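For chain A, the structure is supplied; the task is to place chain B on it using the hints.
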Amino acid sequence: MTNVDGGDGAQADGSIAALLRDAQDLLRAENYEGALELYQAAASLDPARVELEGYVDLLRCRLVKVYRERIGDGGRVPKLLVPLDRITRFNLPTEAGFVLSLIDGRTSFDQLLSVSGMGPFEALRIFARLVDARIVGIAA
Amino acid sequence: MSLGSVSLLTFLDAPVVVGDPDGRTAYVNPAFAARFRSSGDDATGQPLSALFEGGVREAVLRAVVECCEQGRTVRFRLRHGGVAYAAVASPIVAEDARVGVVILLVESSAAEERLIALQREISEPVGELRRVLDELQDQTGGRRDTSYRTLIEDGARALSRVQKWCDELMLIAGPPAAARSETSFDARSVVQDAAARMRGEFAALGIELEVLVPAQLPRVRGDGSRVELALVRLLRERLSTARESPAVTLAARPIGRGEARSIVISICEAPAADGRAPVNRSEPVPASVMEIVRELGGEIRTAADPLMGRTTAIRLDVGS
Chain A
1 MTNVDGGDGA QADGSIAALL RDAQDLLRAE NYEGALELYQ AAASLDPARV
51 ELEGYVDLLR CRLVKVYRER IGDGGRVPKL LVPLDRITRF NLPTEAGFVL
101 SLIDGRTSFD QLLSVSGMGP FEALRIFARL VDARIVGIAA
Chain B
1 MSLGSVSLLT FLDAPVVVGD PDGRTAYVNP AFAARFRSSG DDATGQPLSA
51 LFEGGVREAV LRAVVECCEQ GRTVRFRLRH GGVAYAAVAS PIVAEDARVG
101 VVILLVESSA AEERLIALQR EISEPVGELR RVLDELQDQT GGRRDTSYRT
151 LIEDGARALS RVQKWCDELM LIAGPPAAAR SETSFDARSV VQDAAARMRG
201 EFAALGIELE VLVPAQLPRV RGDGSRVELA LVRLLRERLS TARESPAVTL
251 AARPIGRGEA RSIVISICEA PAADGRAPVN RSEPVPASVM EIVRELGGEI
301 RTAADPLMGR TTAIRLDVGS
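Each protein sequence line maps, in turn, to chains A and B. 1 is the number of the first residue of the first sequence in the working numbering; add one for each residue after it. 1 is the number of the first residue of the second sequence in the working numbering; add one for each residue after it.
Pulled out of the complex, with its shape left as it was, chain A reads as follows (with noise of 0.2 Å):
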């Protein structure tokens, strides 16, 4: 992973075009949200290059559709799938902890998106984290 320093605008940009580089690699092994991270960093170096929000953005989107399928289809309804007492174990982050507390068991993943007023990326992102973790389950 490439450091990233302050400095002038030749060596943010040295740094602008290193993370662009381990982007790619990351892009090229599939690892879509760690290319994010590195786009965004790129991004925030020289906030003049709008083109660098645009990648972000696509990438977001790639990863949209990437959440959409762990989580499969909307309509199906969540559930916990570990004991309330057990979840502090976990550590999550704040956001997550929202999201968990809104689960029902009988509301939907679409509705819960709805519901969690936060956007549709940063929603689907913390729900399929959580299926992937196990924690969260589909009702039956």
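If you're looking for bench data, these hints aren't it; they were derived computationally from the structure. These numbers were taken from a predicted model, which means no experiment stands behind them. Don't take each hint at face value.
In silico SDA-like links for lysine to any residue, alpha-carbon gap of 25 Å or less [to be verified]: (1) Lys-65/A / Ala-41/A; (2) Lys-65/A / Gln-111/A; (3) Lys-65/A / Phe-202/B; (4) Lys-65/A / Pro-306/B; (5) Lys-65/A / Ser-245/B; (6) Lys-65/A / Arg-236/B; (7) Lys-79/A / Ser-114/A.
Here chain B is said to cover these stretches of chain A; the calculated rule only asks that three of the stretch's residues, wherever they fall, bring their Cβ under 8 Å from a Cβ of chain B [to be verified]: (8) 14 to 28; (9) 115 to 125.
Every residue, glycine too, gets a C-beta built ideally from N, C-alpha and C.
Chain B only, in chain A's frame:
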């Protein structure tokens, strides 16, 4: 009843209906009762659908559903008793976070109605001409006499000019798409409205047009109708070249650390469905779109990458 307990809506000349989160009528003002209620009975508590009939009922219910589900203002038009109305349905959030609706109806002038009808009449054959020319261009590409291709390309260019003025007419005459002002606008509504206008044209070519926007975006400085026009033009331009892609996404989000100072709106085109690397088309942005973005003090770039696809990104400043 004291004057203090009477709603100011009572004194409004324009008809107003308020619906509760269960789809029932919570209030109609006297102007509404006079124009839409022949029986004279109290409408309160009745289903909203019972207040209207036929095509008007369908239009109202569609707008109410969209308004409540998406939590945004919806504008539509209806005709009742020989009078045309421009209608605005806005969400009202109740204490329990359920969403109701208030509908305001304002009479349209005859000239306005004529403009709208003209815009509709022109749009349809223009769309048809575009499809025919595209088809001809596909069939003749490279195999026939160059002069045929030149003629078709000349026709396509002329049609683009007609399309441009048709877009302008749409924005002047069509239902204003969202609550906006010239100083700042709701970017989420503008993005959704631009996508709604273009979704049919994309669907006709079998390309999915998706929207990826958060529930809320900061208001953006400038005139939202200009941004909508720019997005419609970009999407239309993308439509003419996006046939290899299974989907195009219109995305928007705030950027910057902490409090957002700007937003980015992107048109994202995924690589081809068969996994082929997309053509590296980072063509220049149409001049008319560049001009709009420049007017708004924003920036726009198009870029393409074989592994990721193609993107056109617009950055706009958040309003004060």
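Numbered hints the structure breaks, given as an ascending list: none
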